[in-house]
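Engineer: So the chains spell out like this:
Number of protein chains: 2
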Amino acid sequence: MSENKIPYKIYLSEEEMPHSWYNLRADMKVKPAPLLDPGTGAPMTAAELEGVFCKELVQQELDNDTALFPIPQEIRDFYKMYRPSPLVRAYCLEEKLQTPAKIYYKFEGNNTSGSHKLNSAIAQAYYAKKQGLTGVTTETGAGQWGTALSMACGYLGLDCKVYMVKCSYEQKPFRREVMKVYGASVTPSPSDTTEVGKKILAQFPGTTGSLGCAISEAVETAVTHEGYRYVLGSVLNQVLLHQSVIGLEAKTALDKYGVKPDIIIGCAGGGSNLGGLIAPFMGEKLRGEADYRFIAVEPASCPSFTRGKFAYDFCDTGMVCPLAKMYTLGSSFIPNADHAGGLRFHGMSSILSQLYHDGYMEATSVKQTDVFEAAEYFARVEGILPAPESSHAILAAINEAKHCKETGEEKTILFGLTGTGYFDLVAYEKFHSGEMKSVVPTDEDIAKSLAQLPQVQG
Amino acid sequence: MSENKIPYKIYLSEEEMPHSWYNLRADMKVKPAPLLDPGTGAPMTAAELEGVFCKELVQQELDNDTALFPIPQEIRDFYKMYRPSPLVRAYCLEEKLQTPAKIYYKFEGNNTSGSHKLNSAIAQAYYAKKQGLTGVTTETGAGQWGTALSMACGYLGLDCKVYMVKCSYEQKPFRREVMKVYGASVTPSPSDTTEVGKKILAQFPGTTGSLGCAISEAVETAVTHEGYRYVLGSVLNQVLLHQSVIGLEAKTALDKYGVKPDIIIGCAGGGSNLGGLIAPFMGEKLRGEADYRFIAVEPASCPSFTRGKFAYDFCDTGMVCPLAKMYTLGSSFIPNADHAGGLRFHGMSSILSQLYHDGYMEATSVKQTDVFEAAEYFARVEGILPAPESSHAILAAINEAKHCKETGEEKTILFGLTGTGYFDLVAYEKFHSGEMKSVVPTDEDIAKSLAQLPQVQG
Chain U
0 MSENKIPYKI
10 YLSEEEMPHS
20 WYNLRADMKV
30 KPAPLLDPGT
40 GAPMTAAELE
50 GVFCKELVQQ
60 ELDNDTALFP
70 IPQEIRDFYK
80 MYRPSPLVRA
90 YCLEEKLQTP
100 AKIYYKFEGN
110 NTSGSHKLNS
120 AIAQAYYAKK
130 QGLTGVTTET
140 GAGQWGTALS
150 MACGYLGLDC
160 KVYMVKCSYE
170 QKPFRREVMK
180 VYGASVTPSP
190 SDTTEVGKKI
200 LAQFPGTTGS
210 LGCAISEAVE
220 TAVTHEGYRY
230 VLGSVLNQVL
240 LHQSVIGLEA
250 KTALDKYGVK
260 PDIIIGCAGG
270 GSNLGGLIAP
280 FMGEKLRGEA
290 DYRFIAVEPA
300 SCPSFTRGKF
310 AYDFCDTGMV
320 CPLAKMYTLG
330 SSFIPNADHA
340 GGLRFHGMSS
350 ILSQLYHDGY
360 MEATSVKQTD
370 VFEAAEYFAR
380 VEGILPAPES
390 SHAILAAINE
400 AKHCKETGEE
410 KTILFGLTGT
420 GYFDLVAYEK
430 FHSGEMKSVV
440 PTDEDIAKSL
450 AQLPQVQG
Chain D
0 MSENKIPYKI
10 YLSEEEMPHS
20 WYNLRADMKV
30 KPAPLLDPGT
40 GAPMTAAELE
50 GVFCKELVQQ
60 ELDNDTALFP
70 IPQEIRDFYK
80 MYRPSPLVRA
90 YCLEEKLQTP
100 AKIYYKFEGN
110 NTSGSHKLNS
120 AIAQAYYAKK
130 QGLTGVTTET
140 GAGQWGTALS
150 MACGYLGLDC
160 KVYMVKCSYE
170 QKPFRREVMK
180 VYGASVTPSP
190 SDTTEVGKKI
200 LAQFPGTTGS
210 LGCAISEAVE
220 TAVTHEGYRY
230 VLGSVLNQVL
240 LHQSVIGLEA
250 KTALDKYGVK
260 PDIIIGCAGG
270 GSNLGGLIAP
280 FMGEKLRGEA
290 DYRFIAVEPA
300 SCPSFTRGKF
310 AYDFCDTGMV
320 CPLAKMYTLG
330 SSFIPNADHA
340 GGLRFHGMSS
350 ILSQLYHDGY
360 MEATSVKQTD
370 VFEAAEYFAR
380 VEGILPAPES
390 SHAILAAINE
400 AKHCKETGEE
410 KTILFGLTGT
420 GYFDLVAYEK
430 FHSGEMKSVV
440 PTDEDIAKSL
450 AQLPQVQG
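Quick note, the sequences are listed as chains U and D, same order.
First residue of the first sequence? That's 0 in numbering that gives the first Met the number 0, and the numbers climb one at a time after it.
First residue of the second sequence? That's 0 in numbering that gives the first Met the number 0, and the numbers climb one at a time after it.
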């Protein structure tokens with residue numbers, strides 16, 4: 000390979016970094032359904048939500064009309080510590096695959112939290128600080144969100160209480176330790192520090208926990224402690240708003256080189272990365288200015304898009320949170336303990352759910368062992384050890400590139416490489432030793448948890 | 000903070016990346032002393048060295064005159080996968096310290112090996128491949144070099160046999176796993192796979208190993224296996240040559256903004272990072288074109304510059320390697336098992352030893368607990384979780400910046416942030432729990448190992 004016109008890595012300058020987040024909802028013809036009060040079935044008001052969330056974040060959550068939210072200077076300054084993130088042209092992968100496809104990935108792993116989660120963590124911590132709060136509570140699954148929030152809180156001097164899904168807490172002792180370096184307290188969930196945790200422990204002794212359960216505990220802790228609010232790393236509209244920085248940077252970088260992607264691929268758990276990556280591109284599609292294929296890739300072990308139901312459901316296992324209309328497997332759904340990494344939430348962002356429902360996006364599910372095979376292949380070819388979550392997108396991108404090889408099409412593929420796998424080596428070891436399985440829920444499993452959906456008209 | 004003229008991170012373009020490595024020896028008036036045959040005391044010839052090292056690397060090792068070695072295009076292309084590395088202006092650290100000093104660091108941790116070691120690993124693997132070899136052998140202490148070499152070999156399809164210092168092998172299971180992802184085989188050292196390993200095990204049963212011992216085993220394996228050569232991640236002249244890419248990029252980036260550092264600080268184990276970082280600046284000093292203060296920072300638990308002797312010594316514990324003239328604690332010196340991370344080699348690069356001996360450079364040693372305190376402080380302020388090795392430089396830079404605060408001097412400080420601490424969390428945990436000690440060798444310890452220096456005139 001000689002010096003190429005398009006570099007291996009495209010870095011924007013600090014001035015080229017977005018000055019505003021983009022709110023995809025402003026361009027949606029059918030808006031995402033509102034959050035409902037589980038008791039009355041009425042849409043949650045700002046006043047009600049402010050008991051749980053910070054004031055300004057509630058405004059962002061509810062605003063379906065404002066397209067651009069200026070990024071406060073303090074947040075932009077924090078972003079500059081680890082952003083802009085590189086848009087990488089995967090020359091080595093293309094060569095290895097011998098594909099005519101052109102592959103790009105937006106790499107969000109070059110920060111200590113190891114993923115894109117920091118983009119929303121600093122925003123949420125900033126608004127909490129601005130409101131004069133003492134601290135925030137949250138849950139974390141694979142640990143990326145908890146680490147990101149710990150970093151943001153450590154930087155701003157806010158207290159940070161993290162409920163970590165028990166199986167991750169045990170599989171990832173070093174993640175906890177990073178959170179402690181940044182001053183956070185970390186509790187394995189379910190725990191006996193909350194009423195909802197005690198109840199779940201009594202009902203399911205020996206449970207390895209779930210994200211939905213950890214959410215319940217974090218929310219309870221926030222509402223029962225003076226000066227605390229709850230923050231969440233995915234699913235919510237506000238999170239997708241903050242994560243639009245990923246897509247905005249990617250689009251600016253591609254535009255500089257006159258490149259237009261044909262296919263845009265992201266892994267999908269709660270939707271934070273996917274929603275952020277596709278935002279400005281989807282905006283163009285919604286406004287009829289351009290067309291793109293969008294592919295959401297989810298684990299076969301937690302397939303909310305591909306096997307779930309589009310309905311109102313609780314966001315948490317403890318059923319204390321508002322109801323959201325989304326693709327869901329039911330709030331009692333817990334992926335098999337063999338499932339490694341994140342993407343373990345039973346539901347999906349309301350925004351993405353609506354877009355998928357309206358046909359703007361495709362979804363596919365992939366098996367865990369195939370994901371790790373793609374991860375190792377990618378690590379050797381492109382040098383980066385990817386997170387299991389990100390590797391779902393890698394696998395789908397490789398499959399599309401192989402398809403291009405068959406058809407001879409020179410498509411341009413963009414995917415989100417959300418993070419690194421430095422804290423996922425227990426899972427890599429399982430994959431190597433052949434111990435890893437790909438346990439997929441049965442139809443009965445899913446029917447059972449879906450049977451508990453709340454009776455609400457959406 | 001508003002938009003600053005100098006950005007938080009200065010990224011060079013691919014074209015601005017160095018096209019040649021810079022050989023500091025070309026500008027040294029007193030050249031580093033040659034490697035000697037331990038049997039005859041005569042300088043090692045190229046032919047002799049080629050039994051152990053790759054042919055082209057031997058040329059680089061022995062060449063004291065050529066200033067610039069063009070970087071082969073294949074290596075430049077590999078560099079583009081993770082370079083240029085950012086030169087970071089530590090605005091947040093400056094503000095936190097309330098210092099008039101301006102602090103920059105060259106951050107080499109944004110790659111899966113987690114450190115600068117990849118710069119030389121790809122070069123050495125490339126020349127091995129070019130020579131048609133089957134594979135390479137090496138040792139690794141903290142694991143950074145082994146990981147880097149595994150990545151380079153995985154990329155080029157070379158076999159890679161790594162001897163890992165036993166205490167690191169046990170403390171860092173995930174490092175081994177990363178190496179395995181890249182296809183390397185990893186053996187704890189001392190082992191019974193080599194004669195020298197067996198001998199050391201018999202002499203010191205229960206030893207936690209040392210870098211010098213692992214070197215002996217790797218060299219023995221290379222010379223007893225057809226198609227294998229030995230490669231080393233530090234100390235050697237060739238390694239400093241490859242690592243000059245760090246200093247060259249840093250200097251280009253600073254020059255772009257008209258910034259001239261007053262003080263340049265690097266951690267020092269075998270000297271790979273320090274030698275690479277200072278190279279072009281030291282060249283200017285040697286040529287009388289500019290002046291800089293250079294500070295080598297070493298662990299108090301392994302203080303070769305500050306408490307060692309400038310003399311010919313073996314590079315390995317097994318005394319099978321050539322003799323190098325260097326600051327050394329004696330080849331049988333092993334830092335206390337409490338010592339975390341790298342910087343555990345008993346000797347020091349001959350180039351840096353000569354420069355230090357000739358008064359071109361200062362050296363200081365710091366205690367482990369102080370190093371971790373600085374590491375945690377830095378992590379919270381600058382967002383990056385640093386490697387223990389790098390944190391030696393952080394501590395010294397913070398001390399210099401505090402001194403500037405006292406004197407009011409607006410000095411410009413540049414230091415090398417060689418890597419990340421994601422695989423050092425056992426050590427961070429020890430620091431947090433108060434279990435960490437700072438065990439410093441006694442005068443008797445050092446006198447004992449120095450008593451075994453070979454009797455050679457240098």
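The hints are simulated quantities; they were obtained by calculation from the structure and are not laboratory data.
Careful: at least some of the hints might be erroneous.
Quick list of simulated restraints, FRET-style, between CB atoms [claimed, not checked]:
1. D:His224 - U:Pro99: 38 to 44 Å
2. D:His402 - U:Gly156: 49 to 55 Å
3. U:Pro71 - D:Lys54: 56 to 62 Å
4. U:Leu155 - D:His224: 22 to 28 Å
5. D:Glu49 - U:Gly156: 39 to 45 Å
6. D:Glu73 - U:Pro71: 51 to 57 Å
7. U:Ala25 - D:Lys436: 26 to 32 Å
The C-beta atom is built at its ideal place from N, Cα and C for all residues, glycine as well.
Engineer: Could you tell me which of the hints above the structure violates, numbers in ascending order?
Structural biologist: 2, 4, 5, 6, 7
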